[in-house]
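*Asks:* Protein chains in written order, with the numbering used here: chain G, 36 to 363; chain P, 109 to 225.
To be clear, the hints were calculated from the coordinates, so they are not data collected in a lab.
Do not rely on the hints blindly, as some may be mistaken.
Quick list of the computed label-pair ranges, beta carbon to beta carbon [stated by the list, open to error]:
# : chain 1 : residue 1 : chain 2 : residue 2 : range
1 : G       : I185      : P       : G171      : 23 to 29 Å
2 : P       : N215      : G       : S119      : 41 to 47 Å
3 : P       : I129      : G       : V291      : 53 to 59 Å
4 : G       : K55       : P       : V157      : 24 to 30 Å
5 : G       : E74       : P       : I129      : 19 to 25 Å
6 : P       : L117      : G       : R183      : 39 to 45 Å
7 : G       : K55       : P       : D110      : 43 to 49 Å
8 : P       : L117      : G       : K55       : 38 to 44 Å
Beta carbons are placed, not taken as given, at the ideal position from N, Cα and C, and that holds for glycine.
Residues per chain are reported as follows:
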Amino acid sequence: MNNELIERYIYAVSKKLPRKIRTDVERELQTLIADMLDERCGEISPTERDVNVVLAELGKPSELAQQYHPAGSRSLIGPDYYNSYVSLLKIVLGSVTFALLMACVVLLLLEPSKSPIAKTGEWIFIIIQTCTYLFAVITLLFAFFERRGIKFDIADEDISSLPPVPAKEEKISRWEPILGIVGATLITIILLATPQLLGWVNQDGVRISIFDTVSIRSMWYVVLALAAISIVNETVRLLEGQRTKRVLTVTIIADVLSLPLVIWLFNSGFKLNPAFLEGIYDAMGTDTSIPATMLANANNILLGIVVICLIAGIGMNIFHMVKARQAE
Amino acid sequence: MDKNADEILSGLVLELRRGSIVLCVLSQLGSPTYGYNLVQSLSEKGIPVDANTLYPLLRRLEGQGLLQSSWEVEGPKPRKYYSTTKMGDEIYIRLRKVWADTVKNMNALWEDKKDEQ
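Please model the complete structure; the sequences and the hints are all you need to start from.
*Replies:* What follows is the structure, encoded as structure tokens:
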């Protein structure tokens with residue numbers, strides 16, 4: 036009898052099994068194959084052909100091993116998550132690629148390079164790299180959800196708690212968050228890669244940027260953190276599709292987190308360029324109606340406007356949340 | 109067309125069998141039996157089932173607590189004997205009731221159709 040072939044078959048099955056059931060299944064298969072051969076051959080010693088027929092009857096080792104796995108535990112991202120996974124991938128990769136392409140075109144037009152083809156190649160490389168990275172992060176995130184069985188849609192489990200159909204003003208159009216993601220990516224690229232673009236060229240042909248480019252770049256981690264907060268917030272809005280309590284909560288948290296970061300950024304990195312301020316003085320001449328102190332404090336005024344906008348946003352969202360709670 | 113119909117039919121038959129095989133297994137395991145013996149006795153009784161389906165199924169039912177098993181090493185070959193647990197017996201009785209009702213109701217469906225014609 037060809038024992039070796041049987042051993043090889045059993046090994047091929049058992050190596051695909053969870054460790055703790057391997058020995059048990061191996062022993063069981065050994066007896067099963069012996070029984071099947073006995074039935075086939077009776078008293079006569081089985082030939083290699085008999086062994087082949089019996090093993091073929093048991094099927095491919097991988098298929099047999101597959102049968103031993105409990106249903107549903109064999110996929111990285113199962114049917115519960117697949118649709119959300121694919122739509123998130125499409126939107127995030129699509130909008131980031133779009134934003135990077137826009138940045139590429141704008142930069143090539145504004146700052147003609149000596150070798151536009153090489154420059155374009157560099158951008159394509161950046162796009163591929165960024166998309167690969169995002170793909171990996173999103174896939175890992177969903178694989179984690181799958182492993183842990185984390186449910187997005189709690190209402191799905193209990194029909195009576197399904198949310199009401201949103202009124203028209205409650206709905207978030209798909210474009211709103213997509214534009215948000217594109218915008219956040221574009222602003223981040225411009226601030227970090229080419230902050231000098233935010234400015235103009237004066238009569239002497241010198242480019243004067245609004246912000247102090249060196250200090251912005253030195254604060255790259257704060258800029259990236261702000262972009263990440265904004266993209267996560269927009270993604271939640273996109274997935275939810277309506278102004279639910281969860282969306283409001285995430286938006287409030289995002290704004291509250293952004294507030295100290297923005298203040299930090301303005302205090303340490305986001306200085307207006309002195310040359311830019313001088314340019315304004317010159318442009319307006321001496322008989323300006325804008326008080327000089329205002330221009331001198333332009334940095335703080337800008338910070339003030341941003342902070343007021345953020346606080347107003349937080350306040351409005353809290354107001355909506357309280358109103359929604361009262362309506363319940 | 110015919111080949112396609114045969115394929116669809118065998119797929120449907122497979123699905124029907126898959127659902128009912130648990131009931132067949134539970135019915136036979138009141139006393140301890142080993143896997144291959146079960147394959148043979150079921151096929152003698154007109155319920156053919158492949159060993160590569162039955163063995164993993166026995167293990168799954170054991171995992172769910174419907175079966176218990178023990179190794180018998182006295183004979184010439186070591187064998188794993190399966191039998192129903194108390195919960196397995198209870199589930200068997202309830203599942204059999206569901207089966208009987210389903211068969212009765214389905215028969216009534218065809219009978220109704222016959223009357224209409």
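*Asks:* In ascending order, which of the hints set out earlier in this document are inconsistent with the structure?
*Replies:* When the structure is compared with the hints, none of them turns out to be violated.
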